[in-house]
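Q: Following the hints, complete the assembly by docking chain B onto the known chain A.
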Amino acid sequence: KAGVTQTPRYLIKTRGQQVTLSCSPISGHRSVSWYQQTPGQGLQFLFEYFSETQRNKGNFPGRFSGRQFSNSRSEMNVSTLELGDSALYLCASSQDRGPGNTIYFGEGSWLTVV
Amino acid sequence: DAKTTQPNSMESNEEEPVHLPCNHSTISGTDYIHWYRQLPSQGPEYVIHGLTSNVNNRMASLAIAEDRKSSTLILHRATLRDAAVYYCIGTSGTYKYIFGTGTRLKVLA
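For the protein sequence lines, the chains are A and B, in the order given. As numbered in the working numbering, residues 1 to 114 make up the first sequence, in order. As numbered in the working numbering, residues 1001 to 1109 make up the second sequence, in order.
One should not assume that every hint holds.
Stated by the list, open to error - Under the rule of at most 20 Å between Cα atoms (straight-line distance), these lysine to aspartate or glutamate pairs were calculated in the DMTMM-like manner:
(1) B:K1096 / A:E107
(2) B:K1003 / B:E1066
(3) A:K13 / A:E52
(4) B:K1096 / A:E75
(5) B:K1096 / A:D96
(6) B:K1069 / B:D1031
(7) B:K1096 / B:E1011
(8) B:K1096 / A:E52
(9) A:K57 / A:E75
Because the hints were derived from the structure by calculation, they are not lab data.
With the rest of the complex left out, here is chain A:
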């Protein structure tokens, strides 16, 4: 079974630009969540989607947004990029949302903002 696939793996953007990151969950998984990892803040939850609806959101500004498609694939978008947005963005998927379910992470997308 293929794992969580994230594209692109690496990208460099300029301040003020926007970026879209893509995530394909494990086949059959309906929940997708996104995390940001930086050396200073560690792993932080961004948002979670289930059945094309955002169910939970972390403490990030509105420049960070996402969506989920009917095939469970997900994208996240960051607009008006700032230097501090440079990070590893991780997508994770799980079959369902309830207790006992486990999320599985992709390899991440490395974003550098210059």
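A: Quick look at chain B alone, frame taken from chain A:
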């Protein structure tokens, strides 16, 4: 979700067992304990999870205290490939995992 506390770093010799502790004193009755590890430049990898009783899988064992306020991840024979940051997380669902700083495990050859 439960807040967890782990030592910042630990060392182990290769081929010896490693016991990685985690305190989760605020855990609720429905919170599962999940363990992940993260190798450099990779996403976190699922290791094991449990609710009340001890759990074993091909990667590790999880020992959960009777009062569920702490748990221990046991790697039976550490290898160099086990060098990673290990995170324990208490959660009642798959959303909003709260990662702490984890334990950086160093394995000595």
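Q: Holds or violated: K13 (chain A) with E52 (chain A), Cα cutoff 20 Å?
A: 28 Å, violated
Q: Decide if the proposed pair is consistent with the structure: K1096 (chain B) and E75 (chain A), CA atoms, cutoff 20 Å inclusive.
A: Holds. K1096 (chain B) to E75 (chain A) sits at ~17 Å (cutoff 20 Å).
Q: K1096 (chain B) and D96 (chain A) were given as a pair; does the straight-line alpha-carbon distance stay at or below 20 Å?
A: 14 Å, holds
Q: Is K1096 (chain B) close enough to E52 (chain A), meaning Cα to Cα at most 20 Å?
A: 17 Å, holds
Q: Would the hint linking K1069 (chain B) and D1031 (chain B) be met if the CA-CA limit is 20 Å?
A: The given pair, whose Cα atoms are some 11 Å apart, holds under the 20 Å limit.
Q: K1096 (chain B) and E1011 (chain B) were given as a pair; does the straight-line alpha-carbon distance stay at or below 20 Å?
A: 30 Å, violated
Q: Are the Cα atoms of K57 (chain A) and E75 (chain A) separated by 20 Å or less?
A: 15 Å, holds
Q: Within 20 Å, alpha carbon to alpha carbon, are K1003 (chain B) and E1066 (chain B)?
A: 18 Å, holds
Q: Sort out whether E107 (chain A) lies within 20 Å of K1096 (chain B), counting only the CA atoms.
A: 19 Å, holds
In summary, the numbered hints that this structure violates are 3 and 7.
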